[in-house]
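Asker: Given the coordinates of chain A, assemble chain B onto it according to the supplied hints.
Listed in order, the protein sequences are those of chains A and B.
Note that the first sequence covers residues 1 to 245 in UniProt numbering.
Note that the second sequence covers residues 1 to 245 in UniProt numbering.
Derived from the structure by calculation, the hints contain no laboratory data.
We put the CB at the ideal spot given by N, CA and C, even for glycine.
Certain hints may be false.
[What the hints assert, rightly or not] A short list of chain A residues far from chain B (calculated; beta carbon distances all over 12 Å): (1) K44; (2) S99; (3) K141; (4) A167; (5) R192; (6) L205.
[As the list claims (entries may be wrong)] Chain A stretches covered by chain B per the calculated footprint, using a threshold of three residues with CB under 8 Å from any CB of chain B: (7) 2-9; (8) 12-24; (9) 70-83; (10) 105-114; (11) 126-136; (12) 176-186; (13) 206-217.
[As the list claims (entries may be wrong)] No more than 20 Å apart at the CA atoms, straight line, and that leaves these computed lysine to aspartate or glutamate pairs for DMTMM-like: (14) K242/B to E56/A; (15) K144/B to E143/A; (16) K144/A to D151/B; (17) K144/A to D153/B; (18) K165/A to D140/A; (19) K178/A to E196/A; (20) K144/A to E143/B; (21) K242/A to D151/B; (22) K242/A to E104/B; (23) K141/A to D151/A; (24) K199/A to D214/B.
There are 2 protein chains.
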Amino acid sequence: MVGLGPGDECLMSPHAREAIHLADVVVGYTGYIKLIAPDLLEGKDVLSTGMMAEVERCRRAVDEAVAGRNVAMVCSGDPGIYAMAGLVMELLETHDFFSDICFEVIPGIPAFAAAAALLGAPLMHDFASVSLSDLLTPWDKIEKRIRCAADADFVIAIYNPRSKKRAGHLIDAINIIKLFRRGSTPVGIVNRAYREGQKVQLVTLDTVNEQDVDMQTVLIIGNSSTREVAGKMLTPRGYAGKYDI
Amino acid sequence: MVGLGPGDECLMSPHAREAIHLADVVVGYTGYIKLIAPDLLEGKDVLSTGMMAEVERCRRAVDEAVAGRNVAMVCSGDPGIYAMAGLVMELLETHDFFSDICFEVIPGIPAFAAAAALLGAPLMHDFASVSLSDLLTPWDKIEKRIRCAADADFVIAIYNPRSKKRAGHLIDAINIIKLFRRGSTPVGIVNRAYREGQKVQLVTLDTVNEQDVDMQTVLIIGNSSTREVAGKMLTPRGYAGKYDI
Chain A
1 MVGLGPGDEC LMSPHAREAI HLADVVVGYT GYIKLIAPDL LEGKDVLSTG MMAEVERCRR
61 AVDEAVAGRN VAMVCSGDPG IYAMAGLVME LLETHDFFSD ICFEVIPGIP AFAAAAALLG
121 APLMHDFASV SLSDLLTPWD KIEKRIRCAA DADFVIAIYN PRSKKRAGHL IDAINIIKLF
181 RRGSTPVGIV NRAYREGQKV QLVTLDTVNE QDVDMQTVLI IGNSSTREVA GKMLTPRGYA
241 GKYDI
Chain B
1 MVGLGPGDEC LMSPHAREAI HLADVVVGYT GYIKLIAPDL LEGKDVLSTG MMAEVERCRR
61 AVDEAVAGRN VAMVCSGDPG IYAMAGLVME LLETHDFFSD ICFEVIPGIP AFAAAAALLG
121 APLMHDFASV SLSDLLTPWD KIEKRIRCAA DADFVIAIYN PRSKKRAGHL IDAINIIKLF
181 RRGSTPVGIV NRAYREGQKV QLVTLDTVNE QDVDMQTVLI IGNSSTREVA GKMLTPRGYA
241 GKYDI
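Just chain A, with the same shape it has in the complex (with noise of 0.2 Å):
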């Protein structure tokens, strides 16, 4: 399981381009597959799925490795957060494969941490990521775990914000949240973090546009102490009541 990191090469681990150099087969999704350098995957098989196909998907990567074959799963972000490293487990399990092949996670920078990146330094206190993907999660799980988030005043980034099918999840969300923090809170809105395209908004609870997101968009929604400072978003630590800074 590769980690390729947001997207840009230059962010891509030394770790995962060799496991991606070492592979006989590559399989990922069509869109990660085209974050890869192409002369990295000469000579060998590629095989790309389109978005829905992941169970499928997955299962040809475990037949591939069962077979004797080298394979990279390649996941963008982090292949342990809300990606595939743990379908492929489950699947090494159900058919008992786990003694006949080798299973290694390559870590990836994931994507909430590239956003918080580019939106400057909004996850130094402690934080909450929250899918708002229902399709295997009850909605009521997940607003739950927005209105705990809230409560305890973590710092939340929020992925799979908005689909065709599910219209609302998002204002629901924000709402939940408005009933903790004040309007003014800021949001920041980051789509396509170091990829073609990348945009970088800084709105507040009161101002979210659910026009302005999509499914490969990372919110990062500041705690009670976070504020904007130049242009950017800053969640302090606390240095500055303890110390003279």
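Answerer: Coordinates of chain B only, in the frame set by chain A:
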């Protein structure tokens, strides 16, 4: 602000490497400077300081930048997660230096993502990250965050689980989480991920031993569906309930 990643050079991004290469001055905690290959530091001013001189270290970095030098301030993991990006922004704000310099954060693979990769796939669902350090945060706020994260069934990453001054905080945190989760919930304990002396342990809420952790340890506490599979930690995302895998 340069994120070095967990430690091993093979997980440091080319962008981070390039930023250090281009710098006149490299500033960082002594332990982080040691993670950088000596040849990359050749001919540069290296300003390293011990653990407790965070404000002084950031002030020196800012002073050098304002004097017109190209500064790489290095952090292990990601500079925006429990690291120095925020304090540097506070200094730039306090002294009104934002218009004088160009401030950039280069993200890195965070410590908890590195720990998760070594454990298997524990972060596959929504997660929260909490630091147990009460140097800058009141303990009752930390307790509330742990309680809310446990109640909402977040996977929980714990940073700074122990220090000489603060015995007992980890056990206090575990006891709060046990109010919401069974004692057999898997807990991953990772020391020095991807560094010399790396140690990865899989225990449970009932068997966490405070002697196994220090300030460099990251713990990952499973949610209600996390389980041990082939000696690894897996938080299933929910595919098995919805699809035939």
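Asker: Please work out if K242/B and E56/A have their alpha carbons no farther apart than 20 Å.
Answerer: holds, 14 Å
Asker: Mind checking the alpha carbons of K144/A and D153/B for me, to see if they're no more than 20 Å apart?
Answerer: holds, 9 Å
Asker: For the region 126-136 of chain A, does the count of residues with a C-beta closer than 8 Å to a C-beta of chain B reach 3?
Answerer: holds (count 8)
Asker: S99/A clear of chain B by more than 12 Å, beta carbon to beta carbon?
Answerer: The claim is violated: S99/A sits with its nearest Cβ about 8 Å from chain B, within 12 Å.
Asker: Between the region 70-83 of chain A and chain B, see if three or more residues pass the 8 Å beta-carbon test, and mark the coverage as holds or violated.
Answerer: That given contact holds, which follows from 6 residues of the region 70-83 of chain A lying within Cβ reach (below 8 Å) of chain B.
Asker: Just want to verify: L205/A was marked as not at the interface with chain B; is every Cβ pair farther apart than 12 Å?
Answerer: holds, 19 Å
Asker: Within a Cα-Cα threshold of 20 Å, do K242/A and D151/B meet the stated pairing?
Answerer: At roughly 31 Å apart (the allowed maximum being 20 Å), D151/B and K242/A break the hint.
Asker: Once the closest CB in chain B is found, is it more than 12 Å from K141/A?
Answerer: violated, 7 Å
Asker: Closer than 8 Å, Cβ to Cβ, for at least three residues: run that test on the region 105-114 of chain A against chain B and report holds or violated.
Answerer: holds (count 8)
Asker: Measure nothing beyond the straight line between the CA atoms of K199/A and D214/B; if it is 20 Å or shorter, mark the hint as holding.
Answerer: The given pair, whose Cα atoms are some 40 Å apart, is violated under the 20 Å limit.
Asker: Determine whether the non-interface label on R192/A survives the test: each CB of chain B must be over 12 Å from its CB.
Answerer: holds, 15 Å
Asker: Under the criterion that the straight-line Cα-Cα distance not exceed 20 Å, is the pair K144/A, D151/B satisfied?
Answerer: It holds: about 9 Å lies between the C-alpha atoms, which stays within 20 Å.
Going down the numbered hints, you'll see the structure goes against 2, 3, 12, 13, 19, 21, 22 and 24, while the others check out.
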